[in-house]
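Chains as they are written, first to last, in this note's numbering: chain A, 4 to 246; chain B, 14 to 302; chain C, 33 to 367.
Calculated from the structure, these hints are not laboratory results.
Computed from a predicted structure; not experimentally measured.
Taking CB as the label site, the calculated pair distances span:
(1) B/Thr17 / A/Glu136: 50 to 56 Å
(2) B/Phe100 / C/Leu42: 36 to 42 Å
(3) C/Val137 / A/Glu136: 48 to 54 Å
(4) C/Thr62 / B/Leu269: 51 to 57 Å
(5) C/Tyr209 / B/Val270: 43 to 49 Å
(6) C/Asp272 / B/Phe100: 34 to 40 Å
(7) C/Arg242 / A/Pro227: 58 to 64 Å
(8) B/Arg199 / C/His216: 43 to 49 Å
(9) A/Glu136 / B/Phe100: 36 to 42 Å
(10) C/Val137 / B/Val20: 27 to 33 Å
(11) A/Ser65 / B/Val165: 47 to 53 Å
Here a beta-carbon is modelled for each residue, glycine too, at the ideal position from N, C-alpha and C.
One-letter residues, chain by chain:
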Amino acid sequence: MSAPVLQVQGLQVAYAGNRALDLAALQVDRGEVVGVVGANGAGKSTLVNALAGWSRGDPRVSGEVTLDGTRIDSWAPHERIRAGLALVPEGRLVFGRMSVEENLSTAFVPPAGPGRRVYSREEIYDLFPHLKERRQHLGSQLSGGERQMLGIGRALMMGPQLLLLDEPSIGLAPMLVSQVLGTMRTLAGQGLSILLVEQNVRAAIEVVDRLVLLERGRVVLEGPAAQMGNDPRIAQAYLGAHV
Amino acid sequence: MNLTQQVINGLVLGHAYALVAIGWTLLLGVARLVNFGHGQMYMVGAFVTWWAVAKAGVPYALAVPMAMAVGAVFGLVMQRVMLKATFEQNLVSIMIMTLGFGYVMHGGAALVFGSTGQILETSLSLYEVNMGDLWFTGQDAAIVVATIGLFVGLKWVLDGTRIGRLVRMVAEDPKLAQLAGVNVRRVYYGVFAFEGAAVAFAAGMVAPRTPILTSMGFEEVIMTFVVVVFGGIGSVKGSYFAGLALGLFTALFGALVSPAYTTAAVFLVLIALLVLRPGGLSAGAAGAH
Amino acid sequence: MINTKLRYILLPLVGVAILAAPSVLGGTGTVYSAAVLIAIFAVMAYGLDVIVSDLGEVSLAHTVFFAAGCYTTALLSTRAGLDGWGTLAGTIVVALGLALLIGLVTLRLREFVFSLVTYAVGVVAVTLASNWQFLGGSDGLRGIPPLDLSFAGITLTAGNDQELWPYAFALLAITVYLIDRFRHSRLGAAAIMTHLNPRLATMGGTDPARVRLQVFLFSAPISAAAGWLYAYQRAYVSADVLETYFLILMLTAVVLMGRRQLLGPLAATALILTQEKFFSLGGYVDKIILGSVLVLILGFFPQGLMGLAKPLQGLFRGLRRPAPKPPTTSIGDIK
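Required output: the full structure, derived from the provided sequences and hints.
In structure tokens:
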């Protein structure tokens, strides 16, 4: 059993005395797709920000975040990215004034290595033919679904060890959601480890190996996706997400 | 008054304005930093060049790069002190700090260089080109050539090189740039160093035209500001043409109406522009292109 | 709560102490001169304080209001023979007029554009003051008579700094009172809301642009009144009242102690001028010191000096206002 790609221990985030996240443990094994779900305010975006290393609004962050055996919790965001933690954020996906081709480029040369497959631009175009058709279009001219693909594509070109997806389904039509999440399964099949933070529980369950339910910053339920589908608390989170 | 001569003056002046403005507009477009110390950095650049040439006997061609190096260092120091405020986008703090820096530079320059006016003499400014009734100096020609060269070079770097792409990414969306692995802090440092070097370069080229004083610099900020309002924040091409337009206006106004009140006239033009198209300086216009 | 009651005892005590301070500290001409200048420049800074600390904008036009006060006083006293009351009234009118003009032009401009425009106003003002003969040109205006606030048979004049001190103190006390009232008024609350969250403020029924204009109009006469008194103190006025020195002084006074501290600008001005008058290292070095203080405070101690001494804050800060309630109707006037 190889070491987990991502190991989070005792991650606590507090804003002005209010505890927003209290994660005892979270783990993503190599080649695994883990879903983190929960209603609004459950702490999903706090988790994403903490993993990415962003500190908006002066939070107090403590705990350990280990990426492929290396502690990254004191690293700056761009250093974590270069180490292989690729974040596809919610909403902020494209450089509107640059072409698709330019958006699909890296700021550094990703080191290839075990567990890090660096996707070339051509491979991204194979994965997302829509983008290939629009390679000279500006980012601002893309639809929501295309932007999501572009964000994922750029992340893949950085040779990630772990792909962290923040609510990819937001603003997307259901068919596109299935398409994007289906691509996740394909990528996982190619060896990529994925942490999917999602509000749309039903869609997430179809795709992930393991599901983690967050409530008020804490893990309240965790288990294989197949078993979690019938749990009443999941149904409540599902309903909560659809208010 | 010879109209064509004034047009030539205006064109030279216009290139000078564009050259002075380029560092500032890039800084604003990429890092969203308003540098109120810009005028004093210009003044320091002029005085370092003058001191090198007049007091240290350094040839002019070496003095200008020296001033640029000093300017770049000033830019780096300023950014280091303002780093937290830059990341927090704390515009009030940034503006006040750059004012403070400008004041320190003023005091420091007066202490080191004295408060009397000086003339930066170069062989180029003594070299005159006469074409019938019209004339301009070698310095004037050098300003035009240098400006065009810098602008073309900058545009090429921004559009065609990897570094230029990184700069454009940071200019458009610093957070997304971080996610793409860009070391945004280093880009901010780089752009501030560029501002320092560019304004010093501009000073080295343009200052020979008039006497320099350690109390100068304020009008340069206004001219720069107008160039940016007119040309668009962060726009290399826009700054060039806006500079030319401003130069022509200043030359003609100075010749036809009054030289002392040109700044006031430019200010009124600025107000008119802002009132008529305030959207021209909206947040969305930031960027580098 | 304790704070409120303490204030009503403490502030008057502090006031009496300040009034007596110059004579306690030696009563020499130098001491009185320093005290008068501290009072004048503190008042000048209070005008800016409202804009920077409450509204959250950087106005570089308050030097122009200050200068307008100086020049209006000089012109009205030397050419129209008006007394202290007349020149004060004129100062306020001119300040309001200028503020209205600048305010309307900058009504919908964003923060840094607003600041750049006010900066430009300052530069243009220097050009005008240096070149326009009406304003005395490069020589300035001389021969301003001593301050005369006599009325109803009571003689109230001031021929030197010692005699001027009570009036300077009165101006300072009135200013501090006005600032305090402002911060307790609906306009003050609206200003903070506009500063912290413009969109939320709009949804609470306030028009950010209008609030901005009103605060601007409130702040301008304060800085101008400082200029009014300064003209009498110096007895002459020239373009040097527009020097950057005053701007940097104002800004440092506003940020040195920490934002929105009632006596902050006064304490800071006292510190700065004490250094300048009694521990000077030469004009240029003093400039470097002042500018560096401004930069270092904002760069490394953004909470100001008081931020370093939190326990002391309770005594000197003006009433800490609980989260402002959204105004229910339109913005009221200050009471």
